[in-house]
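Residue 230 in the numbering used here is what sits at position 230 of the sequence shown, and the numbering runs on without skipping anything.
Simulated from the structure, these hints should not be mistaken for laboratory data.
All values reported here derive from a predicted model rather than from experimental measurement.
You may find that some hints are simply not true.
[Unchecked claim] Derived CB-CB ranges, DEER-like:
#1 61 / 185: 38 to 48 Å
#2 63 / 19: 10 to 20 Å
#3 27 / 82: 22 to 32 Å
[Unchecked claim] As a list, the in silico DSSO-like pairs of lysine-lysine whose alpha-carbon atoms are at most 30 Å apart:
#4 275 / 21
#5 6 / 275
#6 111 / 51
#7 253 / 6
#8 51 / 275
#9 96 / 51
#10 111 / 226
#11 226 / 253
#12 275 / 96
#13 253 / 111
Don't be surprised by glycine CBs; every beta carbon is placed ideally from N, CA and C.
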Amino acid sequence: MESIEKANQLLTSFHELVNTKQAQAFNPEDGYKVGVDLGTSSIVLVVLDGKNQPVFGAFEYANVIRDGLVVDYQQSVQIVNRLRIQAEEILGFSLKAASGAIPPGTVGNNKRVVANVIESANMLADHLVDEPTAAALVLGVTEGAVVDVGGGTTGISIFEQGQPIIVEDEPTGGTHMTLVIAGNNKISIEEAELLKRDPARDRENFIICRPVIQRMANITANVLRKHPTEPIYVVGGASYLSEFEKEFSTYLKQEVYKPKYPQFVTPIGIAMSSKPIMDLM
1 MESIEKANQL LTSFHELVNT KQAQAFNPED GYKVGVDLGT SSIVLVVLDG KNQPVFGAFE
61 YANVIRDGLV VDYQQSVQIV NRLRIQAEEI LGFSLKAASG AIPPGTVGNN KRVVANVIES
121 ANMLADHLVD EPTAAALVLG VTEGAVVDVG GGTTGISIFE QGQPIIVEDE PTGGTHMTLV
181 IAGNNKISIE EAELLKRDPA RDRENFIICR PVIQRMANIT ANVLRKHPTE PIYVVGGASY
241 LSEFEKEFST YLKQEVYKPK YPQFVTPIGI AMSSKPIMDL M
């Protein structure tokens, strides 16, 4: 599919840049955009140019979000602030504003806290977008479903004519996979999280986590029963296992597409949702 091939090019470019402490040159006349993704297992800062090409990227592993909600506000601010300072030192200008993302259906103070984290890290809060909609920007989705499998939640958005018509979220994600790995191996949560990220354990982890993945697929199937659609895309850090999309396809009985480096789809989409900033001072 042309849209996912284009997304894969963008994701590969960002993957080659992230955490290298280097920046990609860009035309200042195009401005820049910033996205901050407060994830369950990591916090990612993305800088794009005004044409949505990667300029800078960095992330830190963290444990500040649970079931889509910020549970350690101070550490969230400290990490975002460190990432901002790192970006500014490398780019040579101040990041004036950043956009953030929220799980579908987040309201009230839970929604506002993401903006508060950004502002407490010395940037203006530009825009808050729901996570599957941010992912859809990267994938170029106008029709179909985007399933964003994060650390704490599985979010599903159904799109028609480029607009989300159904947005739902359920508390099953990568954290639940970590718990299963910990229980199966009789190790701590911290050890299980490291084991989960080990590419050499991909097949073993998939077998252990398969019931959790099927639960995520069932959540998706319940939404699709109310509104059948295609194509279906799966993104998010918890979908990293190589057989993840195949299991989804088998369960849903229809093709499921997963882009490269799915953990970076939503962070890049958050930045894409921002307005270009022209002030490079």
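Here is what the structure says about each hint:
For the pair residue 61 and residue 185, the beta carbons lie near 20 Å from each other, so the given range of 38 to 48 Å is not met. Restraint check, residue 63 to residue 19: a C-beta distance of roughly 19 Å satisfies the suggested window 10 to 20 Å. The hinted range of 22 to 32 Å is satisfied by residue 27 and residue 82, whose Cβ atoms lie roughly 28 Å apart. For the suggested pair residue 275 and residue 21, the alpha carbons sit about 24 Å apart, so the restraint of at most 30 Å is met.
The suggested pairing of residue 6 with residue 275 holds, with an alpha-carbon distance near 22 Å, which does not exceed 30 Å. Between the alpha carbons of residue 111 and residue 51 the distance comes to roughly 28 Å, so the proposed pair stays at or under 30 Å and holds. Using a Cα cut-off of 30 Å, the hinted pair residue 253 and residue 6 holds, with the two alpha carbons roughly 26 Å apart. Restraint check for residue 51 and residue 275: the C-alpha separation of about 11 Å stays at or below 30 Å, so the hint holds.
Between residue 96 and residue 51, the direct Cα distance comes to roughly 18 Å. Compliance with the 30 Å bound is thereby established for this hinted pair. For the hint pairing residue 111 with residue 226, the CA-to-CA distance comes to about 27 Å; that is within 30 Å, so the pair holds. Proximity of residue 226 to residue 253 is assessed by CA-CA distance (about 16 Å); at most 30 Å being required, the pair is judged to hold. Annotation: proposed proximity of residue 275 to residue 96 holds, straight-line Cα distance about 11 Å (limit 30 Å).
A distance of roughly 35 Å separates the Cα atoms of residue 253 and residue 111; the hinted pair therefore is violated under the 30 Å criterion.
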